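All chains, please: the whole structure from these sequences, using the hints.
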Amino acid sequence: MRLTLSALGLVLLLAGEVNVEFSNIAKQAGLAHSFPNGGAQSKQFIIETTGSGAAFLDYDNDGFLDVFLVSGEGGLSRLYHNNGRGRFDDVTSQFGITRTGWGQGVCAADFDNDGFTDLFVTYWGANVLYRNVGGKRFEDVTAQAGLRQDRVRYNTGCAFLDYDNDGHVDLFVANYAQFDPAVTPKPGENPYCWYRNIPVNCGPRGLPFDRNILYHNNGDGTFRDVSESSGAAAPSQNYSLSVLTGDFNGDGRTDIYVACDQTPSLLYINRGDGTFSEEALLRGVALDENGKALSGMGAAAGDTHGDGWLDIFRTNFSDERETLYRNLGKGNFEDATRAAGLFRNTRFVGWGCGFFDFDNDGWKDLLLVNGHAFPEVDRLRLDIRYKDRAILYRNQGGGVFADISERSGPGLLERHPARGAAFGDIDNDGAVEVLINNQNEPPTLLKRSGLSGNNWILLKLEGVRSNRGAVGARVRVTAGGRTQIDEVRSGGSYLSQNDPRLHFGLGRASRIERLEIDWPSGVRQVRRDLSVNRVVVVREP
Amino acid sequence: MRATSWFCLCLLAQTPEELVRSGVEQFHKGRYLEARQTLEMALRQSPGQAHATTFLALSRAATGGCREAIADLAAQFSGPPGDLSRLAGIGLSQCYLAEGRFEEAYPVIRRLQALYPADADVLYQAAKLHLKAWNEAVFQMYQKTPASYRVNQLSAEIFEIQGRYSEAVAEYRKAIAKNPAAVNLHYRLGRALLMESHEPEALSRARKEFEAELQINPNDAVAEYQVAQILLSEQNNREAATRLERAVKLSPEFAEALVALGKIRLEDKRLEEAIGLLERAVQLQPKNEAARYSLMLAYRNAGRAEDALLQKTELDKLQKPPQGEFTEFLKKLGEKAPQQPKL
Numbered sequence: 001m002r003l004t005l006s007a008l009g010l011v012l013l014l015a016g017e018v019n020v021e022f023s024n025i026a027k028q029a030g031l032a033h034s035f036p037n038g039g040a041q042s043k044q045f046i047i048e049t050t051g052s053g054a055a056f057l058d059y060d061n062d063g064f065l066d067v068f069l070v071s072g073e074g075g076l077s078r079l080y081h082n083n084g085r086g087r088f089d090d091v092t093s094q095f096g097i098t099r100t101g102w103g104q105g106v107c108a109a110d111f112d113n114d115g116f117t118d119l120f121v122t123y124w125g126a127n128v129l130y131r132n133v134g135g136k137r138f139e140d141v142t143a144q145a146g147l148r149q150d151r152v153r154y155n156t157g158c159a160f161l162d163y164d165n166d167g168h169v170d171l172f173v174a175n176y177a178q179f180d181p182a183v184t185p186k187p188g189e190n191p192y193c194w195y196r197n198i199p200v201n202c203g204p205r206g207l208p209f210d211r212n213i214l215y216h217n218n219g220d221g222t223f224r225d226v227s228e229s230s231g232a233a234a235p236s237q238n239y240s241l242s243v244l245t246g247d248f249n250g251d252g253r254t255d256i257y258v259a260c261d262q263t264p265s266l267l268y269i270n271r272g273d274g275t276f277s278e279e280a281l282l283r284g285v286a287l288d289e290n291g292k293a294l295s296g297m298g299a300a301a302g303d304t305h306g307d308g309w310l311d312i313f314r315t316n317f318s319d320e321r322e323t324l325y326r327n328l329g330k331g332n333f334e335d336a337t338r339a340a341g342l343f344r345n346t347r348f349v350g351w352g353c354g355f356f357d358f359d360n361d362g363w364k365d366l367l368l369v370n371g372h373a374f375p376e377v378d379r380l381r382l383d384i385r386y387k388d389r390a391i392l393y394r395n396q397g398g399g400v401f402a403d404i405s406e407r408s409g410p411g412l413l414e415r416h417p418a419r420g421a422a423f424g425d426i427d428n429d430g431a432v433e434v435l436i437n438n439q440n441e442p443p444t445l446l447k448r449s450g451l452s453g454n455n456w457i458l459l460k461l462e463g464v465r466s467n468r469g470a471v472g473a474r475v476r477v478t479a480g481g482r483t484q485i486d487e488v489r490s491g492g493s494y495l496s497q498n499d500p501r502l503h504f505g506l507g508r509a510s511r512i513e514r515l516e517i518d519w520p521s522g523v524r525q526v527r528r529d530l531s532v533n534r535v536v537v538v539r540e541p
Numbered sequence: 001m002r003a004t005s006w007f008c009l010c011l012l013a014q015t016p017e018e019l020v021r022s023g024v025e026q027f028h029k030g031r032y033l034e035a036r037q038t039l040e041m042a043l044r045q046s047p048g049q050a051h052a053t054t055f056l057a058l059s060r061a062a063t064g065g066c067r068e069a070i071a072d073l074a075a076q077f078s079g080p081p082g083d084l085s086r087l088a089g090i091g092l093s094q095c096y097l098a099e100g101r102f103e104e105a106y107p108v109i110r111r112l113q114a115l116y117p118a119d120a121d122v123l124y125q126a127a128k129l130h131l132k133a134w135n136e137a138v139f140q141m142y143q144k145t146p147a148s149y150r151v152n153q154l155s156a157e158i159f160e161i162q163g164r165y166s167e168a169v170a171e172y173r174k175a176i177a178k179n180p181a182a183v184n185l186h187y188r189l190g191r192a193l194l195m196e197s198h199e200p201e202a203l204s205r206a207r208k209e210f211e212a213e214l215q216i217n218p219n220d221a222v223a224e225y226q227v228a229q230i231l232l233s234e235q236n237n238r239e240a241a242t243r244l245e246r247a248v249k250l251s252p253e254f255a256e257a258l259v260a261l262g263k264i265r266l267e268d269k270r271l272e273e274a275i276g277l278l279e280r281a282v283q284l285q286p287k288n289e290a291a292r293y294s295l296m297l298a299y300r301n302a303g304r305a306e307d308a309l310l311q312k313t314e315l316d317k318l319q320k321p322p323q324g325e326f327t328e329f330l331k332k333l334g335e336k337a338p339q340q341p342k343l
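So the sequence lines, in the order shown, correspond to chains A and B. Those letters in the first sequence? Residues 1 to 541, per our numbering, in order. Those letters in the second sequence? Residues 1 to 343, per our numbering, in order.
Careful: at least some of the hints might be erroneous.
Computed footprint of chain A on chain B, listed as stretches where at least three residues anywhere in the stretch have a Cβ under 8 Å from a Cβ of chain A [stated by the list, open to error]:
no.: 1; region: 106-119
no.: 2; region: 223-235
no.: 3; region: 287-293
no.: 4; region: 298-310
25 Å max Cα-Cα, derived DMTMM-like pairs, lysine to aspartate or glutamate [as the list claims (entries may be wrong)]:
no.: 5; chain 1: A; residue 1: Lys-292; chain 2: B; residue 2: Glu-136
no.: 6; chain 1: B; residue 1: Lys-144; chain 2: B; residue 2: Asp-119
no.: 7; chain 1: A; residue 1: Lys-330; chain 2: B; residue 2: Glu-160
Derived by calculation from the structure, the hints in this document are not laboratory data. As the structure is a computational prediction, the values presented were derived from the model and not from experiment. Note that the Cβ used here is the ideal one computed from N, Cα and C, for glycine as well.
This is the structure we're talking about:
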């Protein structure tokens with residue numbers, strides 16, 4: 001018998017099998033509120049389909065990630081404090097989080113370099129910038145900061161980035177469409193309001209486009225709109241959703257990728273002179289391999305092949321493949337979806353997504369959350385559903401993924417109308433958790449039970465000459481003979497904010513041979529021979 | 001009765017020109033019966049007014065008097081194009097359809113479509129004609145050959161259009177059981193299987209049907225192409241390339257197969273070969289976005305930046321999204337004061 005079990009173990013090992021079990025611990029962790037987002041049985045307007053995001057941030061610098069969840073109309077976006085013992089306490093009202101409405105996205109960064117992470121929340125309506133006052137409360141400084149908008153806009157994804165590397169984070173805000181319920185047709189009223197012969201909410205096709213916005217941080221607590229002069233407003237025929245930042249062409253400057261719905265996605269290449277040129281099509285990240293614009297929802301960046309370049313992953317609609325764009329170097333991409341083994345799940349509408357090394361083997365795995373845009377699809381009794389499960393792909397090394405969703409525990413198989421997803425290590429144990437905002441339901445908090453046995457490191461970067469949160473810093477970690485890269489970024493996934501700390505799985509390597517950081521200021525910092533399995537705070541020299 | 005008498009008395013007091021004006025006005029307001037009476041009176045007082053004759057025919061057509069109207073409508077429609085001729089043509093086609101005279105309706109609608117290709121009323125008449133003709137043919141088929149495999153095939157195709165793929169699959173299977181050697185049934189079944197389910201197992205089931213189609217018709221390039229697509233999704237690029245090569249050999253102008261083969265070569269970094277295939281595809285189908293896109297990337301990867309940019313320019317033209325029909329209503333957006341909107 002023992003021989004048989006050993007043989008089985010050997011077979012599993014040879015096949016690269018990993019025992020992994022994710023559970024949903026949201027309820028026991030105190031994340032029990034529901035977050036309304038329009039109808040649960042049917043939706044009259046598109047605004048009910050797109051919300052909302054989730055964020056991990058450590059607002060009080062106690063070393064533990066706190067949680068912010070965005071609500072649609074009829075509820076309150078909520079802030080939860082991580083007590084460090086596995087519980088999140090609702091501190092919304094005492095922290096001055098008061099804004100209600102059709103909340104969409106969230107991004108976080110220390111915009112005033114005071115050492116405390118601030119929050120920006122986007123709305124269909126008026127966005128809000130919450131300034132973190134010493135980790136004790138948040139104050140709405142939208143107007144003072146110059147971020148009030150002169151009309152109702154359908155703001156979606158956002159990200160702070162320091163595009164001019166001046167030490168102050170700027171802000172990019174994606175805009176989906178121009179939408180007014182007073183004049184938008186109801187389900188079934190025109191050809192854009194049908195899906196598989198059932199009437200559904202109209203759009204985005206048929207809705208007028210809007211333009212994306214870039215705000216420059218003046219360094220005095222205010223921003224100015226540079227959308228026109230920077231080129232951010234130039235693309236005018238895109239339904240923009242998620243914002244993903246990264247130095248995709250390796251020139252030391254932060255570029256911006258925007259996942260767009262039913263229209264070509266955008267890649268703003270930073271020219272280094274305060275302007276951007278939109279180059280997604282020629283660089284191969286606008287369309288799918290057939291030259292078709294897909295319904296891009298969420299986006300994530302990671303070096304899936306271990307070649308030192310950031311690849312881009314995008315979630316799409318049902319009957320479309322997810323898309324992995326492999327960076328061939330210097331920001332030219334090819335569609336590697338099929339080659340990476342990511343082409344089989346075509347029944348899902350994907351939203352939040354992220355690369356994370358759940359088994360700490362040194363290769364970035366991938367998780368995406370799903371749920372159809374239209375609750376009405378359940379009437380069709382097909383294999384596409386309004387509430388659906390997540391998908392977990394394990395990177396088998398070299399950017400080839402295996403779908404292990406169905407053997408990764410009950411948490412992953414729960415069906416929800418998921419939207420935003422944030423990735424972060426809530427208990428600093430080296431295993432990354434995933435926070436998911438579900439429409440009209442309590443959130444999901446996926447936690448892996450048991451540890452992989454592999455080593456890891458979690459890096460928290462503090463800028464000095466660079467922006468305080470080190471947004472845009474690029475890190476290279478060499479351990480066990482392999483080098484991995486990542487960047488500190490704000491925003492990403494689907495309208496969400498991941499842990500700004502960088503997590504690296506190290507496999508069996510027990511020391512980090514070399515840690516190299518390219519700070520946004522231009523300073524390169526190198527540290528050698530670091531011990532593992534800990535959170536390391538690195539300050540810019 | 002009293003109202004009608006009053007109406008007639010009113011008409012008697014008008015000149016023929018006034019009567020025609022009133023009749024046309026009544027017609028445009030949809031008061032066809034009144035228009036008919038007014039125009040009949042106008043023509044009794046002053047026969048031979050072409051304008052009145054046409055509107056009377058249109059009014060008759062709208063009130064069930066097609067038989068009396070057809071000659072006048074046909075005469076007006078055969079004249080020079082214009083608003084009146086257009087109305088007469090539409091009325092004439094309606095009358096032919098109402099009378100079941102499909103053969104006579106066809107040339108009228110064809111001419112209308114040639115003269116007014118983007119006219120909703122004309123297109124509606126065209127759709128109605130084809131629908132009626134289709135209904136008639138289906139009725140005949142179901143009535144006269146109810147046991148034929150064609151009935152199942154047609155039912156399956158209708159289910160496919162309606163998105164009821166499981167039912168389509170069942171009907172195709174019945175058709176195949178009745179006529180296992182019929183060409184195209186396995187192919188259609190394979191396609192329906194792919195549409196029915198997103199599960200990976202559907203691929204192997206569909207492939208079986210495409211291969212069965214090839215057994216019946218070994219020269220079916222499209223079935224070869226479908227098999228290749230399945231092989232590609234199974235990451236079996238080598239065999240997929242072989243099948244695509246065969247598809248291209250069978251059908252040298254099969255642009256989609258050229259594109260698929262070109263993409264495999266591109267992936268394999270065989271750039272010159274890829275470019276050759278994709279250039280051929282673009283030549284065959286200049287509006288094929290997949291061909292243009294892959295060719296752009298192939299040029300880019302080969303360092304031919306100018307050629308890549310040229311393809312990008314063409315692609316940009318193809319990618320222009322259509323503006324929505326209710327866009328106009330939303331243009332007024334932009335003036336609202338900042339506020340938190342409520343639904």
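Verification of the hints:
1. 106-119: With 0 residues in contact (Cβ-Cβ under 8 Å with chain A), the coverage given for the region 106-119 of chain B is violated.
2. 223-235: holds (count 3)
3. 287-293: Per the Cβ count (5), the hint holds.
4. 298-310: holds (count 4)
5. Lys-292/A with Glu-136/B: Between Lys-292/A and Glu-136/B the Cα gap is close to 39 Å, so the pair fails against 25 Å, i.e. violated.
6. Lys-144/B with Asp-119/B: Judged against 25 Å, a Cα distance of about 37 Å means the pair is violated.
7. Lys-330/A with Glu-160/B: 45 Å, violated
In summary, the structure is inconsistent with hints 1, 5, 6 and 7 from the numbered list given earlier, while agreeing with the others.
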